[in-house]
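Number of protein chains: 2
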Amino acid sequence: MSAKISPLAPKTFPEVPPVAGVRLGAVEAGIRYENRKDLMAIVFDKPAQVAGVFTQSKCSSAPVDWCRKRLKGSKARCVVVNSGNANAFTGKRGRESVRLSAEAASLAFGCRKSEVFLASTGVIGEPLDVSGFTAHLEELETVAHEDGWLDAAKAIMTTDTYPKLATRQFKANGRDYVVTGMAKGAGMIAPDMATMLSFVVTDLPVAAPVLQKLLSKGVQGSFNAITVDSDTSTSDTLLLFSASNGSRPIADAKDRRVKSLRHALDEVLHELAMMVVRDGEGATKHVEIAVKGASSAKSAKKIALSVANSPLVKTAVAGEDANWGRIVMAVGKAGEPADRDRMSVFFGDIRVAKNGERDPDYDEAATTAVMKKDYIPITIDVGVGNSKATVWTCDLTHDYIAINGDYRS
Amino acid sequence: MSAKISPLAPKTFPEVPPVAGVRLGAVEAGIRYENRKDLMAIVFDKPAQVAGVFTQSKCSSAPVDWCRKRLKGSKARCVVVNSGNANAFTGKRGRESVRLSAEAASLAFGCRKSEVFLASTGVIGEPLDVSGFTAHLEELETVAHEDGWLDAAKAIMTTDTYPKLATRQFKANGRDYVVTGMAKGAGMIAPDMATMLSFVVTDLPVAAPVLQKLLSKGVQGSFNAITVDSDTSTSDTLLLFSASNGSRPIADAKDRRVKSLRHALDEVLHELAMMVVRDGEGATKHVEIAVKGASSAKSAKKIALSVANSPLVKTAVAGEDANWGRIVMAVGKAGEPADRDRMSVFFGDIRVAKNGERDPDYDEAATTAVMKKDYIPITIDVGVGNSKATVWTCDLTHDYIAINGDYRS
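Protein chains in written order, with the working numbering: chain F, 779 to 1187; chain C, 779 to 1187.
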């Protein structure tokens, strides 16, 4: 946790309604931080259906490997998450830590090891000492309660400056349901995977394969469309649970109730992803990059990410400089089809460039007013087709350097 | 030109021997900067053979388009370069500026328009006013002289903190020859092209197709193996001239004299490329990333660039932190074959990780000593094959943010 709160932090935390049969808690395990909770669990009183997406890194962490295996047919009884140490690139000892954690959790929560999901976030390459986990998890079992969402969301923070929670209530077949999620992440954030850690729970009983479908799709316009620094974590984990509490889970993806869930879930995922961007390390601006007129959706996204990850674009935004020349540069380096002489660039609603040169009607003062805001929408028409994509990022500031120039030591 | 000189700047400038029949000069054209020369020319008294490589950007600048066309069979009588304005993304007006510049140069230097090569560097998207070029180029013709290398190298600087010159003398068939080059570049530097502006001249008479071969090959281990910020310029131009002064140019690539030139040229290109990295915006460290054990040379280079472009790796180096966890992260995100559990990481000669975990014999103090140096070699064995690649970069510091957060305004 940073002492300095992001200027883009939400002003209030949402009221999170309890999800029946789902308890959360956090304790101090002293893994890395002093005087803060760093170990949390979400406990399902009855086995929950579960779906997940993970980092595409070739160097995924030991807990990611564990979860991938567990997803194959298992139900979930708990997810145990520590901050301060990612248990990544820790070799045999890392795998042993994972095994011991699962064992401790199965004892504490009275379930099978295969029903335990694990995630770790923090420093890479340091062995994770789990010798105290048995006692800590027993304590967790006693403190976990249905209103523990905020406490749990705080326990998984690393360089985050605020906890990230989002919730939506929805109706299905006349009954009220809820979908609630938490996330952590501020640096080492880039798309092409489920970025960072996030855990989402609903009480609509939905079978794992349907959950997986919803999640894999929902992640495209949310976590897979954000980038803070182009760096992909070894530990990215996004798990979606259905705490069906013994009800028969819905196995038909076309069921109308699933549609209601999908809508609410997409909103929760999007809101959490935006919270991650707005807590991007050192961020002072939230930037939307919308690319249109591209030859395909994939090409549009590649161009949008090229712009979103460009250090020169990000520093220009930090300096409140509507430097569309750098945007053109970033479009050009993407290597995707784009017609230089038909390209347009907008900041907010103001077109600053059209047909490959400065718009003669472009008003510098009005553009500066756009750049001074918190949320900066940039639209680029690359002039070759009809496809589009939108990604979100933040600016690159001195604080990013300060936070990351002295993180490990 | 920045007021603050890079701590990695060379202590002295090399003595540049004159190249017969090649004159250089620079004048103040007032394009953007006050009280400094910003327009230079290299003038060949006799038509020179010429080869070139250019940016791969889809949004290349008007002068790049011009040079590409000129390369098809033309000889060169001059290259005219301005700093302060890139004449990129300037549409029809940009093409008109190029045409007028070539016309002015053809009048001033008494040659055909097609024998004029052009390059521009600086702000993107602003129209380049060339109305004064006829007068400025006439002045240039009178001031150009064989010892004008340093003056010319200074005139093309933008955010560079020092001029970049490299020279080698070599023998071919018992005679003495020279190859000398200049470069500019500090930001918007990324490989996959001839990065930034560079002009190299030899007096060995070599035909254009042979020059092109030497240049395309020579660029691989030099300009195409460096990155400052992953951002690819719209204006990257590297031209190699043979000032044959009327001698019959060597047309056989296997001629022994060409081999001598190749050796000297490769050294000049490498030295210039390293100068660009060492003048990377805000740089305090020069970093070598050597990847071995990869499945192919292409894969090795992709991994090396993933590490070299990672903001988290670059900020760690700035903080003198041997944070090999971030290196593993960057290897993982490259998406190339790598065996997490057979991977090794070295800082200098010190192996800090082996077989996918921390090396038990790893000495933190010795590693810190490596990190405190100017030049930091990082070696990564990804454990899947026998291929390798090396790239060079610099660290990411507060000064990069300061330089780029307020560049245009």
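These are computed hints drawn from the structure, not numbers from a lab. One thing to keep in mind: the hints can contain errors.
Said to hold, decoys possible - Straight-line Cα separation of at most 27 angstroms, DSSO-like style, residue types lysine-lysine; simulated pairs:
#1 K949(C) / K891(C)
#2 K1076(F) / K1070(C)
#3 K1032(F) / K1080(F)
#4 K1070(F) / K850(F)
#5 K824(C) / K789(C)
#6 K1132(F) / K1151(F)
#7 K847(C) / K789(C)
#8 K870(C) / K891(C)
#9 K1080(C) / K1151(C)
#10 K1132(F) / K991(C)
#11 K1132(C) / K870(F)
#12 K995(F) / K850(F)
#13 K1070(C) / K824(C)
#14 K891(C) / K1080(F)
#15 K870(C) / K847(F)
#16 K1070(F) / K870(C)
#17 K995(F) / K1132(F)
#18 K789(F) / K850(F)
#19 K1037(C) / K1132(C)
#20 K949(F) / K1070(F)
#21 K1132(C) / K1076(F)
#22 K995(C) / K870(C)
#23 K1070(C) / K870(F)
#24 K1080(F) / K1080(C)
#25 K850(F) / K815(F)
#26 K1166(C) / K995(C)
#27 K1132(F) / K1070(C)
#28 K991(F) / K1032(F)
If you're wondering where the values come from, they're calculated on a predicted model, not measured in any experiment.
Do the hints match the structure? See the list:
no.	hint	verdict
1	K949(C) / K891(C)	violated (34 angstroms)
2	K1076(F) / K1070(C)	violated (32 angstroms)
3	K1032(F) / K1080(F)	violated (31 angstroms)
4	K1070(F) / K850(F)	violated (39 angstroms)
5	K824(C) / K789(C)	violated (35 angstroms)
6	K1132(F) / K1151(F)	holds (23 angstroms)
7	K847(C) / K789(C)	violated (39 angstroms)
8	K870(C) / K891(C)	holds (19 angstroms)
9	K1080(C) / K1151(C)	holds (26 angstroms)
10	K1132(F) / K991(C)	violated (38 angstroms)
11	K1132(C) / K870(F)	holds (12 angstroms)
12	K995(F) / K850(F)	holds (19 angstroms)
13	K1070(C) / K824(C)	violated (47 angstroms)
14	K891(C) / K1080(F)	violated (39 angstroms)
15	K870(C) / K847(F)	violated (59 angstroms)
16	K1070(F) / K870(C)	holds (23 angstroms)
17	K995(F) / K1132(F)	violated (34 angstroms)
18	K789(F) / K850(F)	violated (40 angstroms)
19	K1037(C) / K1132(C)	violated (41 angstroms)
20	K949(F) / K1070(F)	violated (35 angstroms)
21	K1132(C) / K1076(F)	violated (37 angstroms)
22	K995(C) / K870(C)	violated (34 angstroms)
23	K1070(C) / K870(F)	holds (23 angstroms)
24	K1080(F) / K1080(C)	holds (17 angstroms)
25	K850(F) / K815(F)	violated (31 angstroms)
26	K1166(C) / K995(C)	holds (17 angstroms)
27	K1132(F) / K1070(C)	violated (46 angstroms)
28	K991(F) / K1032(F)	holds (11 angstroms)
When the structure is compared with the earlier hints, violations turn up for hints 1, 2, 3, 4, 5, 7, 10, 13, 14, 15, 17, 18, 19, 20, 21, 22, 25 and 27 and for no others.
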